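Trainee: One letter stands for each residue in the lines below.
Protein chains: 2
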Amino acid sequence: MTITAEQVRQLREKTGAGMMECKKALSEAQGDIEKAIDVLRRAGNERMAGRTGRAASEGLVDAYVHPGNRVGVLIEVNCETDFVARTPEFAELTRNLAMQVAAAGAEYVRREDVPAERVAKEREIYAAQMEGQKKPPAILEKIVDGKLEKFYAEVCLLEQPYIRDDKVKVRDLVTKLVQKMGENIKVGRFARFEIGQD
Amino acid sequence: MTITAEQVRQLREKTGAGMMECKKALSEAQGDIEKAIDVLRRAGNERMAGRTGRAASEGLVDAYVHPGNRVGVLIEVNCETDFVARTPEFAELTRNLAMQVAAAGAEYVRREDVPAERVAKEREIYAAQMEGQKKPPAILEKIVDGKLEKFYAEVCLLEQPYIRDDKVKVRDLVTKLVQKMGENIKVGRFARFEIGQD
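Protein chains in written order, with our numbering: chain A, 1 to 198; chain B, 1 to 198.
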């Protein structure tokens, strides 16, 4: 079975995979591009661990506005290839994340995005709440850490419980699709506007 | 004709107008609430000049996503009363402004929102462009001012030419509805996301 350069080019364009990878997948699929895409996606699945550092510069922008137009969300979710961006699963994830932000009101994507001053202020508040309690400093520190975890789970999208299934974290939704697609997928940014809250 | 407290209450709830204003409007409309609303709106129209300083804390959030989901906009437009926010004209303005931002890519609502450092940098660039030109400083200053006006008309939503009619400024669209509704209306904020531009 001979694989032509043109077939390889087409497959690369559709999947963003490397040249040798495409050639191998086409051989395995006996020149059938659709089958070769499946081969690549399965292979991607197996190589998942190495993916999270890869550039995610494709993706989708989507919006969700609550009926009544008092709350709205704009979100950008990124992946590595236009191929994945155009799958119904990716569109569904993006939409669900937009609805999550609208309903649960996240302020940041991930905990690393929370400004240090805000974290310091939260810590201060928790410490003040426990003033006068005769507990060893190590215990107090642990309680503050615990409260901070709860805070992150409230304000960080990826750490929130999913609105449609609170046994699942939002991060798990994303990870699940990363595993299925074999591509790095990440929430790029979002904006949430609510009338009267600026 | 006796106006009941209940009629006044209903009219206030619908329009946000003051109690005495509502009573007077109801008298004029002989107790007909729909007609009283018209009376209030006409009165509002006449008082326009005093309106621009009034609190605009109601309004709508709307979104527009270009087909293909690579560009999206979220916008909040404010007015004074829920009554105006729920008119089709206000919804239309909000939608058109969202499309304007998507298509013409404004970065700020108004020129006052452009950071001083950015304006200073623009001035520097224009001055550098004209270096070596043997023109009097006063003329150079005027040319820089002119270029700055062009810059504002590009990056400030309210100063942009309207995408559907470039003889109209976006600000004029808003002003037209302010005059029709007799309420302060302002663009509160917007966000514009484009894939690959962070």
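By construction, these hints were calculated from the structure, which means they are not laboratory data. Being a predicted model, the structure only gives us computed values, none of them experimental. One or more of the hints may lead you astray.
SDA-like mimics (lysine to any residue), calculated; alpha carbons at most 20 Å apart, straight line [as the list claims (entries may be wrong)]:
1) K169(A) / Q197(A)
2) K186(A) / A91(B)
3) K186(B) / R70(A)
4) K169(B) / Q197(B)
5) K186(B) / Q197(A)
6) K186(A) / G68(B)
7) K186(B) / G196(A)
8) K35(B) / A55(B)
9) K135(A) / Y152(A)
10) K186(A) / N69(B)
11) K186(B) / G68(A)
12) K150(B) / R123(B)
13) K186(A) / V71(B)
14) K186(A) / A128(B)
15) K186(B) / E149(A)
16) K176(B) / A91(B)
17) K186(B) / K186(A)
18) K186(A) / K176(B)
19) K167(A) / D82(A)
20) K186(A) / G196(B)
21) K186(B) / Q7(A)
Trainee: For every hint, state whether the structure bears it out.
Mentor: Hints, one by one, checked against the model:
1. K169(A) / Q197(A): violated, 27 Å
2. K186(A) / A91(B): violated, 33 Å
3. K186(B) / R70(A): With Cα atoms ~15 Å apart, K186(B) and R70(A) stay inside 20 Å; holds.
4. K169(B) / Q197(B): violated, 27 Å
5. K186(B) / Q197(A): This hinted pair holds, its Cα atoms lying about 15 Å apart.
6. K186(A) / G68(B): holds, 19 Å
7. K186(B) / G196(A): holds, 13 Å
8. K35(B) / A55(B): Given pair K35(B), A55(B) is violated - Cα atoms ~25 Å apart, limit 20 Å.
9. K135(A) / Y152(A): The hint is violated at about 24 Å.
10. K186(A) / N69(B): With Cα atoms ~16 Å apart, K186(A) and N69(B) stay inside 20 Å; holds.
11. K186(B) / G68(A): holds, 19 Å
12. K150(B) / R123(B): Judged against 20 Å, a Cα distance of about 12 Å means the pair holds.
13. K186(A) / V71(B): holds, 17 Å
14. K186(A) / A128(B): violated, 41 Å
15. K186(B) / E149(A): violated, 39 Å
16. K176(B) / A91(B): holds, 14 Å
17. K186(B) / K186(A): violated, 34 Å
18. K186(A) / K176(B): The hint is violated at about 42 Å.
19. K167(A) / D82(A): With Cα atoms ~31 Å apart, K167(A) and D82(A) exceed 20 Å; violated.
20. K186(A) / G196(B): holds, 13 Å
21. K186(B) / Q7(A): It is violated: about 55 Å lies between the C-alpha atoms, which goes past 20 Å.
Hint check: violations occur at hints 1, 2, 4, 8, 9, 14, 15, 17, 18, 19 and 21; the rest are consistent with the structure.
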